[in-house]
Each structure stands twice: as C-alpha cells, then as structure tokens.
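Visitor: Sequence:
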Amino acid sequence: MNSPKIFQKSIFILAFAAAFIACKSNTDSEEKEVKAQTEDSSEIGLKDYYDDYFPMGVAVAPNSVKGQSAELITKEYISITPENVMKMGPIHPQKDRFYWEDADLLAEFAKENNLKMRGHALVWHQQTGGWIFENENGGKVSKEELLKRMKNHIDSVVPRYSGVIYAWDVVNEAVADDSTKVYRDSEWLKIAGKDFLVKAFEYAHEADPDVKLFYNDYNAIIPEKRDRIIELLKFLQEKDAPIDGVGIQAHWSIHGPSEEELREALNLYSELGLEIQITELDVSLYPWEKERRELKEGESDELTPELEQKQIEAYDMFFRVFRDYKDIITGVTFWNISDKYSWLDTYPVEGRKNYPLLFDENFERKKAYNNVVEFETQPKSKTP
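The opening residue of the sequence shown carries number -8 in this note's numbering; numbering runs sequentially from there.
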C-alpha cells in the first residue's frame, strides 16, 4: 500500500538532487567564468585592448629593460621609444666619437621581445653636443659644414638601427614658443636657415628609405602654436621633403586640452595627409608651465581623491577621442612607465612629485587605467 508514496518520494528526492547538482554545476561554471575573466584581464595589456586601434608604446631608459619594469613593458606595450639615449648629445658626444652602448641595449631589447621601436630624435636644439655648431677656432661653423655634420650624424645613426626602428622623430621642436614667430631661433636656424629642416628629412630618407619620418613638437593642440606647426609642415611639403607624419607630444594635464581643441587639431593635421602619432603622453596634475622654478612654500604635491578623479576623466576623454581617430592615429606612446619615475617630478618644478601615468609607484594599474581599457570592443584573449 505504501509503494506509490515511496515511489513518489523517491522521484522527489531524485529531482531535488538533480536540481541541486545542476545548480551547483551552474554556480561552478559561473565562478570559473568569472575567474577566467579575471585571469584574462590580468594577462592582457594595453597593447591587447588596442590591438584593433593603434600600437601602444612607452618611453624607456636602459635601466627600464630589466626586472619589474621590463615585465610591465612586455606585458602592456608593443612599442618602445628611447627617452634620451638616441638624442644627438648622448649618442654622438664628440665630432669623431659615438657612444652606442645604451642605444644598442634598447634596440636589442626590442628585437628580443618582438617590439616596435621609434627613434628619438635626430635634430633638436637641445642635447646636441656643442661641437656640432663650432669650428676648430671656436667660432660658428659655416652652413655647408653644419649640414655636412648633420648628414654624417644621420648617416651613422639611422642605418645602424634599420630593421629595428620603424619611425624616427627627425626634427624635434623647431617651432618657436614666441607666438610672433614661426621658427625657433636655434643655432640650426641661425646658421643654416630653414634649409636644415628639409635637409634633415632628405638625409634621413636616404639613410633608410623604409623608415617613417616624423616632425615632433609640444603644445601642438593649442590653436596659436598648432597653426604655426601646420605652417612648418606645409613648408616641408612644398619643398617635397619626405615627411610621413606629425608627432604630437601629449604632455597634457587635468586642465587641458579640451575635447573640442583636441578634435579640431586632429582634423586640421589630418587634412595635410600626414600620419598622426601621440608621441609623449602623460597627464599632469598641475597647470602647464614652461619655465623652471623652485617649489613654493605651502605648495602641495599630494594626489588627492579629487585630483585622481579629474585625471581619470581626462584620460577617459583623451582615449575616447583617440579611438574615434584610429584611421589617422598610427601610434600612442606614454612618456615613462609608471609614477615611480616621471620627468615631471623635476620639471618644471624641482622636487614636486607628479603622478601622470597609468601605473602607480608600485607598477600597479591605477583607476585611470580601467577607464582607458573599458570600452565597447574588448579583446577575447592575449595577443600572441
């Protein structure tokens, strides 16, 4: 008489057990999925998030390519730029002497880790090594001699890194800070006139016909300087200089540029038919200053929650705009690896700590990082 009840009870128990197992299985599956997503997120880097947009790079020094910072570079980036060691002064300190060790070290690191590399910079008014402008008597060299020395420098440096360096900043910061002038009143300009600009690109192209050639400058978004940079670029194009692109030194801050200024500048540069690269990106907590000065009494360098939030919003906006211009932006490079060291810790105010990057002093991702990588197109796995 009890068999039907026992049978019904057995069916209930089996159904309950099956439901429990199914529920547990779903829970385990969800936990594994969350865990996998977390692990995937920790494994992929900026280069993976932006694989469909543009190469992500970082400026490095010889001491950057070992230990924890080297691990961060290879995980997060696909391109490196030497911060200082390929500038004329460090790599060519005397007329008949080159110093290759540090530059070779970075080039070898790039090759070993399958990284792209940008060269920085062939012709600049700073860090030149004064010898290039002086003759044997201590006076100024002639235009012919200066151009000869420039060519020798370019012919020595550029071919050495052919096949490793894919793009060079050929001329750096040749536009004046004085808004009444287009060209910086440098020794290059005083001795050789505007011809030095054209010749620098011609020599670089002859030294390596396959490398991309860029003009690079700061404050390139500010309208009055932007327009003067465009005038210089048009001059180069009119002279048939083999220029491929313009490098925008994005030493910006939580105070600007605005989204409107940024979009307007990118539109105007793109009309020239040149590639655009963001070459020196960092986002300072402080307003722009050009001249060096001492730390003022009572001046704070604390990273407050309010400043942190403004930096998050700035990075979010900048990269949203960059993504909109992915068809003309062919690279984005951060200037330094983490807040542990930034050139902005000593410039323009000596001893004022800055926190301008996406990684903190312990090489950990900051909140701003999340805003940079959280957008509609996400990578499914790590780039091989």
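These are calculated hints, taken from the structure and not from any lab test.
Backbone N, C-alpha and C define an ideal beta-carbon position, used for all residues, glycine too.
Don't take each hint at face value.
Cross-link-like lysine-lysine pairs, in silico, DSSO-like; alpha carbons within 27 Å at most [to be verified]: (1) K66 x K86; (2) K225 x K66; (3) K86 x K172; (4) K139 x K181; (5) K172 x K102; (6) K172 x K107; (7) K57 x K357; (8) K190 x K172; (9) K357 x K301; (10) K225 x K134.
Label pairs and their computed distance ranges (CB to CB) [to be verified]: (11) G264 x K172: 43 to 53 Å; (12) G184 x E62: 44 to 54 Å; (13) E34 x E290: 23 to 33 Å.
Visitor: Next, verify each hint and record whether it holds.
Guide: Evaluated hints:
Note on K66 and K86: the hinted pairing is violated, with a Cα-Cα distance of about 39 Å set against a maximum of 27 Å. Distance check on the hinted pair: K225 and K66 sit about 39 Å apart at the alpha-carbon level, beyond 27 Å; violated. Only pairs whose Cα atoms come within 27 Å are accepted, and K86 paired with K172 is rejected, the gap being roughly 31 Å. Between K139 and K181, the direct Cα distance comes to roughly 16 Å. Compliance with the 27 Å bound is thereby established for this hinted pair.
For the hint pairing K172 with K102, the CA-to-CA distance comes to about 42 Å; that exceeds 27 Å, so the pair is violated. Distance hint between K172 and K107 is unfulfilled; the C-alpha atoms sit about 36 Å from each other, more than 27 Å. In summary, the hint linking K57 to K357 is supported, as the alpha carbons are separated by about 22 Å, within the 27 Å threshold. About 21 Å separates the Cα atoms of K190 and K172, which keeps this hinted pair within 27 Å; it holds.
Only pairs whose Cα atoms come within 27 Å are accepted, and K357 paired with K301 is accepted, the gap being roughly 13 Å. Among the hinted pairs, K225 with K134 is consistent with the structure: their alpha-carbon atoms are about 23 Å apart, no more than 27 Å. At roughly 26 Å, the beta-carbon separation of G264 and K172 lies outside the given 43 to 53 Å, and the hint is violated. At about 48 Å, the CB distance of G184 to E62 agrees with the hint of 44 to 54 Å.
For E34 paired with E290, a C-beta distance near 41 Å fails the hint of 23 to 33 Å.
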